[in-house]
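I would like the entire structure built from these sequences, with the hints used as guidance.
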Amino acid sequence: MEQAISTSAVEPEPGWFTVPETSYKHDVSNPESEGDFPYVAFGDIAYERKAIPAIATDLYRYKVIGNSNAIALHIEQLFDIFPFNERWLADGIKMPTLQCKKNMVSIATQIYEQFGLLPVQVAPSVEEGVMLVYWNKSKTRNLKIEVYNTLEIAGVISANSKIINCLDIEYNWDLINLIVKFVEK
Amino acid sequence: MPVPKHLLINGRKEDQSFSNKDRLYRSFSYDEYEPIQNTIQTRTIKFPDFSCNWDRYSFPIDVRYRLNGSDKDGCFSFTVGISRFNNCATPVHNPIDNPEFPNYSHTEVRALRDSEGTNYLPPRKRKLSKGKKLAYRESIANNLKIEIMPRD
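Quick mapping for you: the protein sequence lines, in order, are chains A and B.
Under the working numbering, the first residue of the first sequence is numbered 1, with each subsequent residue one higher.
Under the working numbering, the first residue of the second sequence is numbered 1001, with each subsequent residue one higher.
Derived from the structure by calculation, the hints contain no laboratory data.
Accuracy of the hints is not assured; some may be wrong.
[Stated by the list, open to error] Straight-line distance between alpha carbons at most 25 Å, and here's what the computed DMTMM-like set of lysine to aspartate or glutamate pairs gives:
#1 A:94 - B:1034
#2 A:181 - B:1034
#3 A:102 - A:80
#4 A:139 - B:1147
#5 B:1046 - A:86
#6 B:1132 - A:168
#7 B:1132 - A:80
#8 B:1145 - A:170
#9 A:162 - B:1097
#10 A:162 - B:1147
#11 A:162 - A:152
#12 A:139 - A:86
#13 A:137 - A:152
#14 B:1127 - A:152
#15 A:101 - B:1073
#16 B:1005 - B:1022
#17 A:101 - B:1022
#18 B:1145 - A:76
#19 B:1046 - A:91
#20 A:101 - A:174
#21 B:1130 - B:1032
#22 B:1125 - A:168
#23 A:139 - B:1032
#24 B:1046 - A:170
#25 B:1046 - A:113
Below, the structure is given as structure tokens:
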């Protein structure tokens, strides 16, 4: 019997994130994606999963194993590839602030740790902030996340040059949903 | 660089009779180019209140005749219809009567409110949510045409 349970009722566990199973599309033709099999694939990303003990629902925990320090260093190095445009300075556009860059690194690290995705570009934005760009393997779909000096965040997904989804990211849940939409087939 | 004669004001008045098929020209530099999709990087597109030249009164190369313009500048274009994406913006013909760089074709793309039609002439400096602005900028990047490639 299915029971509706809020994820906020579940104790958090470091390194793992919890999402109701129905939020993801399963490969139902693959019997390994059901039951208690410990590994599942969403798009191109593999996850270890485990059922939450003592809860007879369809809630699971997932994690991707990664090295967050190396990721933060990699992202900062990508950012250094693109110097701030001198014409923007002349037009009065402000460079990304230190807090904006810190938030950007934190978001990119979280995306790697939860989804195994690395950006292909990290660069200043003319809207006074930083943009992270992700591509899928076939380069038909891309995700852009922009972190502003105001510390607001927005994200957009395009596939074959058409916008699939765009939103203001106000809560962590918005970010997770956006990434799920980006990785799902 | 002397400005071409067709950009001079010559007593002409504003013209707001945009057609959705008309094109708007804008300059870009080589570091703004996005080679994977042969377009402009979304992070380099500002919105709203960005300047363009109207193709009814100019040619792509004319984007170089402006303050801080360069003979290395490239040019991209998009239709007026694209500039009205989701009815959240519209072009406003705004000729510049500058002694050094007059430009009769100068046009600004400005933000509209939900209740305003695309024939309304909105003011500058309107605020929009970051998400709406990002969607608009991505739409420009997804639907533009490169007219002249910039020189490195």
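Structure-inconsistent hints, enumerated in ascending order: 7, 8, 9, 12, 13, 15, 17, 18 and 25
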